[in-house]
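K.L.:
Going line by line, the protein sequences match chains A and B.
Position one of the first sequence corresponds to residue 227 (my numbering), numbered consecutively onward.
Position one of the second sequence corresponds to residue 85 (my numbering), numbered consecutively onward.
Any given hint might turn out to be false.
Said to hold, decoys possible - Incomplete in silico selection of chain B near chain A, CB under 10 Å:
hint: 1; residue: L96
hint: 2; residue: P139
hint: 3; residue: D140
hint: 4; residue: A190
hint: 5; residue: R195
hint: 6; residue: E230
hint: 7; residue: V232
hint: 8; residue: N236
hint: 9; residue: K257
hint: 10; residue: D260
hint: 11; residue: R261
hint: 12; residue: S264
hint: 13; residue: L285
To be clear, the hints were calculated from the coordinates, so they are not data collected in a lab.
Bear in mind that the values here come from a model prediction, so they are computed numbers and not experimental data.
A virtual CB, placed ideally from N, CA and C, is assigned to each residue, including glycine.
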Amino acid sequence: MNSVVVSGSLRNRLVLTLIGGAAVLALILFVVVRNYAVLVAQQGQDRILIASATSMLDSATIRDGAVELDLPYSAFSMLSTAADDRVFYAILQDGTLLSGYEELTFSDAQAFQFDRIRGSDVRKISASRILIGANLRTEIQIVLAQTQDALSETLDQISRNAALLGVGFFALAVGLSFWATSATIGQLGKLTTSVTRRGPQDLSPFTKPVPREMAPLVKSLNSLMGRLDQSLRQSEDFIAEAAHRVRTPLATVRSYAEATLQRVDKEENREAMRSMVKAIDESSRAAGQLLDHAMITFRADHLERDEIDIVDLARDLVQRMTPIAEMRDLSLLLLGDPRVQYSCDPVLIQNAVRNLIDNAMKYGPAESAIEITVTGEPVPRITVCDHGPGFPIHEIETLTARFQRGANAANTIGSGLGLTIARDVAIAHGGRIDLTNQPEGGACVTLSL
Amino acid sequence: MKFLLVEDNHDLANAIASRMRLDGHVIDHAGNLEDAAAFVATGEYDLILLDIMLPDGDGRTFLEQHRASDLDTPVIILTARSQVSDRIGSLDLGADDYVTKPFDHAELEARCRAVLRRKSGNAKTTIQVGGILFDPVAGHLTVAGETVTLRNRELRLLELFLNAPGKIFSKNKLADRLFSYDEDVSENAIEVYIGRLRKHLSPSNLRITTLRGLGYRLDHDE
Chain A
227 MNSVVVSGSL RNRLVLTLIG GAAVLALILF VVVRNYAVLV AQQGQDRILI ASATSMLDSA
287 TIRDGAVELD LPYSAFSMLS TAADDRVFYA ILQDGTLLSG YEELTFSDAQ AFQFDRIRGS
347 DVRKISASRI LIGANLRTEI QIVLAQTQDA LSETLDQISR NAALLGVGFF ALAVGLSFWA
407 TSATIGQLGK LTTSVTRRGP QDLSPFTKPV PREMAPLVKS LNSLMGRLDQ SLRQSEDFIA
467 EAAHRVRTPL ATVRSYAEAT LQRVDKEENR EAMRSMVKAI DESSRAAGQL LDHAMITFRA
527 DHLERDEIDI VDLARDLVQR MTPIAEMRDL SLLLLGDPRV QYSCDPVLIQ NAVRNLIDNA
587 MKYGPAESAI EITVTGEPVP RITVCDHGPG FPIHEIETLT ARFQRGANAA NTIGSGLGLT
647 IARDVAIAHG GRIDLTNQPE GGACVTLSL
Chain B
85 MKFLLVEDNH DLANAIASRM RLDGHVIDHA GNLEDAAAFV ATGEYDLILL DIMLPDGDGR
145 TFLEQHRASD LDTPVIILTA RSQVSDRIGS LDLGADDYVT KPFDHAELEA RCRAVLRRKS
205 GNAKTTIQVG GILFDPVAGH LTVAGETVTL RNRELRLLEL FLNAPGKIFS KNKLADRLFS
265 YDEDVSENAI EVYIGRLRKH LSPSNLRITT LRGLGYRLDH DE
């Protein structure tokens, strides 16, 4: 059958786009949440540092002309954390270190800074206060720094949660994108199924509702089917009309020739009439078989199966062909099983068997019988045997090729398509035909389905 | 036998009719469905030969109406259509048989005979002459109280002779009537059939005479 060039998959493209989008969104979500958490946590630490520094500055007083500073316990206790963060401080008076770590340098503004003290990252705040006493004006400066272990622990926890949230969001989005994709593609699938399920003869337009986006596709499909239907019908009408116009005059000529043959006595005239009738028979038979063959090729490509009784079919055929067999004093015998149910295209099977019986009648000698045997086991099988000369042994292989006729068929009319038709029908049903000669003489053709 | 032939091609109709009359049948010809209906209304026919494509309609419509009005005259369809597509349809509509144009007249005759044999039941058309009782439809020949069923070729041979008593038939003419044109017929094939018929007819007053160099003739002894 004709193949379609496939370029990518709509489903994959849709799924990948949706998943990619979800991944980017999840990443953004994670970054935003984490940054916000950093901001909030840092603000908390900063506020405590300010409060602590302020309470230290508050404790500075001038007594007896000297600066007295009694660091309150609360100033340190409020800085204690679960992670036992270390606290560094430096108290300076007008730039001179009074107490604390000398690495801590004062920066002018009351500002937060990151710094590195003794191998630890710290958050640092500088604050100052001017003390005015009797003839004394001095500036007390405090630098307070704290490590960030507790903070990074909190941040790690928040990051983990944010990452978990991001992954969850991503997983949900992946699930949703698969669901959305199959829901969308499903509509296409439904349309495909309803196209596939149609019989080969069904060219009516689609009437089932489809999503708006698919409407143009279905519309052009319908119009294509309409045109196809019309052209098929036209060609069918044309064939019928052509057959009528060709066959009716042929029939007239044949009938006249036959009637004349009855009246004419001169042998050479009679011979001419006979040749005429033979030529007409040959051409009409060839035309008929060619048409049959074209029809069979078409039907075999679009096999429509019906559950039928093959014995019934064979019986009808035998009845229909008996008058012709009788003309040659041949008898048709139907043998085998009483009933063989099989799912097939009856028109095809009928045509194949008719061709086999036709052949058998051509070669069977007068007053002999043609046996048509239908059996159901192991596979449905129709055998047609005559008592004629049989097949030439060396030609059995080539006989079924199109237009090939046996060497012993020199005087028999036929276009040679009969066996080809039977073979094509068998193959269309997954079967085959076998040609054999009977030991006591006569040809047998077996159609196995 | 009385036949109605419905066929719009006058040449073909004439050819069929003349051939059928030659065989001793009565035949009426209708060129369209209207005439055909008129013929059916006024006369009784043993068999109708019906073309499908007619100037005033489809022969199958006529067939449907014919069957609907409870007439069981057998109908044989003459069709020019392709065999595969049309065969089943026309039989479903109640035709008894069909032949595809162009047809062998002998085949048409054989089909008519088969249909009539199927349909006639007990109504018998018999020919009684020279001490024989002959039923051409069933193919029964009764001579001296004994009935035999003739083979098809014997039957046709006897019919030929009975339709033209006293006429001389050459071997070639007989061969053309008994065998199809695609068959190889040996000289003595005819002699075989003549011999058989002679044997069947021997107790009666009918006799087949050989005229050397001319052929055969059916004589009626008084």
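K.L.:
If you check each hint against the structure, which ones fail?
P.N.:
2, 3, 6, 7, 13
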